[in-house]
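*Asks:* Keeping the supplied structure of chain P fixed, place chain W upon it in accordance with the hints.
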Amino acid sequence: MDKDELIAAIKEIAAPYTADKTALAHLSEKTDFITDLKINSANLVDIVLDLEEKFGIEIDNDAMARMLNVKSTVEIIEAKMRAHDRK
Amino acid sequence: MIGNDIVDLRQAELDSNWQRKGYLDKICTAPEQQMILTALYPARMLWLIWTMKESACKIVQRKTGIRSYVPLKFCCEVACHDGLQASGTVNYLEEIFQIRTEIKDNCIHSSAVPQSSDFEHLHLHYLQPSATYREEFNSLSGLYLLAGTPSGLPELTHQITGHKHAVSVSHHGEYLAIIYSDSLLSAD
Numbered sequence: 030m031d032k033d034e035l036i037a038a039i040k041e042i043a044a045p046y047t048a049d050k051t052a053l054a055h056l057s058e059k060t061d062f063i064t065d066l067k068i069n070s071a072n073l074v075d076i077v078l079d080l081e082e083k084f085g086i087e088i089d090n091d092a093m094a095r096m097l098n099v100k101s102t103v104e105i106i107e108a109k110m111r112a113h114d115r116k
Numbered sequence: 231m232i233g234n235d236i237v238d239l240r241q242a243e244l245d246s247n248w249q250r251k252g253y254l255d256k257i258c259t260a261p262e263q264q265m266i267l268t269a270l271y272p273a274r275m276l277w278l279i280w281t282m283k284e285s286a287c288k289i290v291q292r293k294t295g296i297r298s299y300v301p302l303k304f305c306c307e308v309a310c311h312d313g314l315q316a317s318g319t320v321n322y323l324e325e326i327f328q329i330r331t332e333i334k335d336n337c338i339h340s341s342a343v344p345q346s347s348d349f350e351h352l353h354l355h356y357l358q359p360s361a362t363y364r365e366e367f368n369s370l371s372g373l374y375l376l377a378g379t380p381s382g383l384p385e386l387t388h389q390i391t392g393h394k395h396a397v398s399v400s401h402h403g404e405y406l407a408i409i410y411s412d413s414l415l416s417a418d
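Sequence order for the protein chains is P and W.
If you read the first sequence in this note's numbering, its first letter stands for residue 30, the second for the next number, and so on.
If you read the second sequence in this note's numbering, its first letter stands for residue 231, the second for the next number, and so on.
Simulated from the structure, these hints should not be mistaken for laboratory data.
Bear in mind the structure is a predicted one, so any value in this text is a computation, not a measurement.
Ideal placement from N, C-alpha and C gives every residue a C-beta, glycine not left out.
Please note that a few of the clues may not be correct.
Stated by the list, open to error - Calculated cross-link-like contacts (lysine-lysine; reagent style DSS-like; alpha-carbon spacing at most 25 Å):
| hint | chain 1 | residue 1 | chain 2 | residue 2 |
| --- | --- | --- | --- | --- |
| 1 | W | Lys303 | P | Lys67 |
| 2 | P | Lys109 | W | Lys303 |
| 3 | W | Lys256 | P | Lys109 |
| 4 | P | Lys59 | P | Lys109 |
| 5 | P | Lys100 | W | Lys303 |
| 6 | P | Lys83 | P | Lys32 |
| 7 | W | Lys251 | P | Lys40 |
| 8 | P | Lys40 | P | Lys67 |
| 9 | W | Lys256 | P | Lys67 |
| 10 | P | Lys83 | P | Lys40 |
| 11 | P | Lys40 | W | Lys256 |
| 12 | W | Lys256 | P | Lys100 |
| 13 | P | Lys32 | P | Lys109 |
| 14 | W | Lys394 | P | Lys83 |
| 15 | P | Lys59 | P | Lys83 |
| 16 | W | Lys293 | P | Lys67 |
| 17 | W | Lys334 | P | Lys83 |
| 18 | W | Lys251 | P | Lys109 |
To be verified - Ranges of calculated distance between the beta carbons of each label pair, as one might list FRET restraints:
| hint | chain 1 | residue 1 | chain 2 | residue 2 | range |
| --- | --- | --- | --- | --- | --- |
| 19 | W | Asp412 | P | Asp33 | 46 to 54 Å |
| 20 | P | Ala112 | W | His353 | 44 to 52 Å |
| 21 | P | Lys59 | W | Gln241 | 38 to 46 Å |
| 22 | P | Pro45 | W | Gly372 | 38 to 46 Å |
| 23 | P | Pro45 | W | Gln315 | 46 to 54 Å |
Just chain P, with the same shape it has in the complex:
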């Protein structure tokens, strides 16, 4: 899965948790879940859980700490999937 596909997958997962459909339509690597998409911090957990289910990965607490924007989320998923492939 390349970066654009990953960003599209993150957009689909974030969609139910944001009421700001304009910000969602413009989602890019620079998008912040809380300040741009106005996602409630209690729903960030749902995004983490949805990503774990979709990609079959485990997002540990250190990774979750950085999952406030699309860019770090892409980096985390890529790293977890690479680690998963090596096993």
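*Replies:* Chain W in isolation, oriented as in the chain P frame:
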């Protein structure tokens, strides 16, 4: 530095399925989960704990300027809880924050301060969440002027001394709460 957090319980029920597998494990320590699962109203206990964590987290983020999503590192202890009010502490690394919570029918609001004595000079206002809430606050206050920094953080100026006072604003669903301190400055 002070922090607050409000949860609209009806909105939370619509938005969050906290009973989904893995949810509590990501945000609550084992003792916190125990408190939630054995409570008379588990959802209320969860949002009580969540507002405690979030209010303390706002202090840490304002102080350090670093945003990080680490709810498990904010460990809550509820010392006193009578269904309408609660008090307790949140431990974050080496720091301890004092928390007071108000529990109403449809919302839960927590305030976090560094020392218990800071509560003596703390004010709390509930306002309608509208685009003009700052104007509404300013017309009620008289002494203080509430504005926003370019990065979107609230800034409260005493109109006579010019001092910037500690302030925190929280909004969720139909509720908006502002806390500020007569004694603590934003740099404290």
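*Asks:* Are the hints correct? Go through all of them and say.
*Replies:* Against the structure, the hints:
1. Lys303/W x Lys67/P: 23 Å, holds
2. Lys109/P x Lys303/W: 22 Å, holds
3. Lys256/W x Lys109/P: Distance ~18 Å between Lys256/W and Lys109/P Cα, so the pair holds.
4. Lys59/P x Lys109/P: With Cα atoms ~21 Å apart, Lys59/P and Lys109/P stay inside 25 Å; holds.
5. Lys100/P x Lys303/W: 23 Å, holds
6. Lys83/P x Lys32/P: The hint holds at about 16 Å.
7. Lys251/W x Lys40/P: 22 Å, holds
8. Lys40/P x Lys67/P: With Cα atoms ~14 Å apart, Lys40/P and Lys67/P stay inside 25 Å; holds.
9. Lys256/W x Lys67/P: 21 Å, holds
10. Lys83/P x Lys40/P: 13 Å, holds
11. Lys40/P x Lys256/W: Roughly 22 Å between the alpha carbons, so the hint for Lys40/P and Lys256/W holds.
12. Lys256/W x Lys100/P: 21 Å, holds
13. Lys32/P x Lys109/P: 14 Å, holds
14. Lys394/W x Lys83/P: 47 Å, violated
15. Lys59/P x Lys83/P: This hinted pair holds, its Cα atoms lying about 22 Å apart.
16. Lys293/W x Lys67/P: This hinted pair holds, its Cα atoms lying about 22 Å apart.
17. Lys334/W x Lys83/P: 38 Å, violated
18. Lys251/W x Lys109/P: 21 Å, holds
19. Asp412/W x Asp33/P: 46 to 54 Å: 53 Å, holds
20. Ala112/P x His353/W: 44 to 52 Å: 50 Å, holds
21. Lys59/P x Gln241/W: 38 to 46 Å: Cβ of Lys59/P to Cβ of Gln241/W: about 28 Å, so the range 38 to 46 Å is violated.
22. Pro45/P x Gly372/W: 38 to 46 Å: With a Cβ separation near 43 Å, Pro45/P and Gly372/W satisfy 38 to 46 Å, so the hint holds.
23. Pro45/P x Gln315/W: 46 to 54 Å: 34 Å, violated
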